[in-house]
Amino acid sequence: MASNAFTGLLNSSADRHSLFDDAQGIVAGSMLAVLGVSLLSGAGLLAGGTAGLAFLAHYATGFSFGLCFFAVNLPFYYLAFRRMGPAFTIKTFAAIALTSVLSEFVPGFIGIGHVDPVAGALFGGLVIGAGMLALFRHRASLGGIGILALYIQDCLGWRAGLVQLGFDCLILALSFLVASPSIIACSVLGAIVFNLTLAINHRKDRYIAV
0 MASNAFTGLL NSSADRHSLF DDAQGIVAGS MLAVLGVSLL SGAGLLAGGT
50 AGLAFLAHYA TGFSFGLCFF AVNLPFYYLA FRRMGPAFTI KTFAAIALTS
100 VLSEFVPGFI GIGHVDPVAG ALFGGLVIGA GMLALFRHRA SLGGIGILAL
150 YIQDCLGWRA GLVQLGFDCL ILALSFLVAS PSIIACSVLG AIVFNLTLAI
200 NHRKDRYIAV
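Take 0 as the starting number for the sequence shown in numbering that gives the first Met the number 0 and just add one per residue.
FYI, nobody ran anything at the bench for these hints, they're computed from the structure. Some hints could be false.
What the hints assert, rightly or not - Here are the computed distance ranges between Cβ atoms for each label pair:
1) 18 x 118: 36 to 44 Å
2) 96 x 61: 16 to 24 Å
3) 81 x 181: 26 to 34 Å
4) 82 x 18: 30 to 38 Å
5) 110 x 15: 22 to 30 Å
6) 19 x 165: 16 to 24 Å
7) 156 x 60: 36 to 44 Å
8) 93 x 156: 40 to 48 Å
For glycine and all other residues, C-beta sits at the position ideal for the given N, C-alpha and C.
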């Protein structure tokens, strides 16, 4: 009986992920997101979405990015639960918590020195986008704007990446309060790379597993 239960955790099908599938997807997506955030941070850049809000709070207050990221996502769990269901909410909470914790410790293990802002934008945006794709494919997100973008895509059919791009532009506009125009321009480039990665690669009709 125990063997059958354990096997059930590992077995997946064409239309359903196993618990192990979801766990490794959340861990991999969170790790990629933290690596991308480290590249942006090393270049002194900002981001869109709740990560962008966390960067703004981090630069303005001096509190750690991980703490700010976890805090700014708290109001969005209600929307996630009401609109996306308990499974999505639990997996999203796990991804946000893991990303927040990893962002506290990874800089101590992976030291990223000088990063050219343009290179940081290109590589950071791409790596975070890859992490978000892994999370999206396992019905999880990194919070706030991502949750809202997925909800709008499910309801209206608008591409999640393009929806998030619109919100990101608004958030990055607030960055003029804490960053120079050149840094903001590179941050916008990173946001474009990130959101185009999602818009081009994330489509429900091409991937049916839940």
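We went through each hint and held it up to the structure:
1. 18 x 118: 36 to 44 Å: 38 Å, holds
2. 96 x 61: 16 to 24 Å: Given about 22 Å between the Cβ atoms, the range holds.
3. 81 x 181: 26 to 34 Å: 41 Å, violated
4. 82 x 18: 30 to 38 Å: The hint (30 to 38 Å, Cβ to Cβ) is violated, given that residue 82 and residue 18 are roughly 23 Å apart.
5. 110 x 15: 22 to 30 Å: Given a distance of about 41 Å, which is not inside 22 to 30 Å, the answer is violated.
6. 19 x 165: 16 to 24 Å: Violated, since residue 19 and residue 165 (Cβ atoms, about 36 Å apart) do not stay within the stated range.
7. 156 x 60: 36 to 44 Å: 39 Å, holds
8. 93 x 156: 40 to 48 Å: This hint is violated: roughly 28 Å between Cβ atoms.
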